[in-house]
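So the protein lines, in turn, are chains B and F.
Per our numbering: the first sequence = residues 138 to 391.
Per our numbering: the second sequence = residues 138 to 391.
One thing to keep in mind: the hints can contain errors.
[What the hints assert, rightly or not] Output of the computed footprint for chain B on chain F, the stretches with three or more beta carbons under 8 angstroms from beta carbons of chain B:
#1 272-279
#2 367-376
[To be verified] Listed below are several chain B residues computed to face chain F (Cβ distance under 7 angstroms; list not exhaustive):
#3 Y205
#4 T209
#5 G238
#6 R241
#7 A261
#8 S277
#9 L281
#10 P315
#11 E384
Honestly, the hints are just simulated from the structure, not real lab data.
Note that CB positions come from ideal geometry on N, CA and C, so glycine has one too.
2 protein chains.
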Amino acid sequence: MHRFFVPAETMQSKAVLLAGDLAHQLSRVLRLRAGDQIELLDNSGRAWLARLDEVSPRCCRATTLACYRPSTECRTRFVLYQGLPRGHKFDLILQKATELGASRIVPVRAARSIQMAAEEATPARARRWERIIQEAAEQSGRALMPALSEAISLPAAIDEIEEGDLCLAGAPGERATPIRHVLERIPQAPTSVRLFVGPEGGLDDAELGSLQAAGVSLVSLGPRVLRTETAGLVMLALASYALGEMELPGEHGF
Amino acid sequence: MHRFFVPAETMQSKAVLLAGDLAHQLSRVLRLRAGDQIELLDNSGRAWLARLDEVSPRCCRATTLACYRPSTECRTRFVLYQGLPRGHKFDLILQKATELGASRIVPVRAARSIQMAAEEATPARARRWERIIQEAAEQSGRALMPALSEAISLPAAIDEIEEGDLCLAGAPGERATPIRHVLERIPQAPTSVRLFVGPEGGLDDAELGSLQAAGVSLVSLGPRVLRTETAGLVMLALASYALGEMELPGEHGF
């Protein structure tokens, strides 16, 4: 079934009005008709089954039939602190981190983030990023869209760490522990997992030092060098796997 | 250091001639000079440290200084059978599967692979795919490029399974076991791991049935729906992690 995030105010009555781009998409792109069912989400964790009553490119009317809470969200909060990479790599990171269950994605101005990358974080780009996240959340069946934060410095990112968080930073093998050694020895399920990933070229020595001083485990992903966009997604997948978040509700083993 | 795969015949003497695109890249793109060192690989598992003696856009001369075997290859053979997806998604899959240590990537004409996708497997496209693999192998520090096979049918892919292989296929939650339950119970390190991933829309019921009949474990990657290009990469990362391939040489725990 097609799924759409809509503004929270849209869902305040059983009779729902869908206008703008969404009306165009429903009528012209997807060619849905009166009687077809869709799922609507207000980014609160709830979802509504809705029946389309009237479809037109300017405005669609629908009636909600049921409200429920999809069980597709992780119990763990995964925050990805991603050193701003070049070009369009961040688009891919946003899409994949959303699929993989991230709660929040924070672009980080790291020492090796090229200046241009930081400057490119314009409002237009931010809107594009929001759209990528929304589409990935709709497609992957999520009930919440990951929050996209403004770009911050690494010290500001480190300041967000709280007692009991599991914090990992991708680092070259010689300074790091294999990620499996860390993930297999988690004493108890953390509420938040914070993952720090450098831009192209990685985090520099001073950055790795300050992460380590803040209690972040420097982890290696093995002998092959992963690109920055791959490293974050692999760390997210592995942490999610190790914490039982890749099991369906009721199958959790942690 | 910059790394380059070259034809095996290039490495047959200590004095090496590098012509064509590589000479252009060394001289004009990377602006290397006589005296600079590079790493050359012949896709046999060996690597040579070489010093550039003469750099020009038409032809470069180099002398090999040392030959060694990079320890960046997995002990396990990972074969990714990827249902042919639409558009350029296969490019991303090739790049990331190479980074993640795949030995071989096999495009599969699955029931839901759109016809166009299969037709797009032209020689020109195959050359582009080879180039993507080579660049990813150079960048990630691999000593071997994954082999890219011709597109085959799913029955032909299933025929390749051998005794003792670990075989996993991505499947929807209701038909599948959580991947962690399978990976945590591997009786012994397999020589080959074969990973089957459907195209957009996944493998259909008949395909999942024939995989299961051939002893392939149907595995779920959790409640969130992953896109086809994400599913294969996550399965590759998780299998590699579980088999200790994300540890550096000497750190293996399996």
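Quick rundown of the hints versus the structure:
no. : hint    : in the structure
1   : 272-279 : holds (count 4)
2   : 367-376 : holds (count 5)
3   : Y205    : violated, 14 angstroms
4   : T209    : holds, 4 angstroms
5   : G238    : holds, 6 angstroms
6   : R241    : violated, 16 angstroms
7   : A261    : violated, 24 angstroms
8   : S277    : holds, 5 angstroms
9   : L281    : violated, 11 angstroms
10  : P315    : holds, 4 angstroms
11  : E384    : holds, 4 angstroms
When held up to the earlier numbered hints, the structure conflicts with 3, 6, 7, 9 and fits the remainder.
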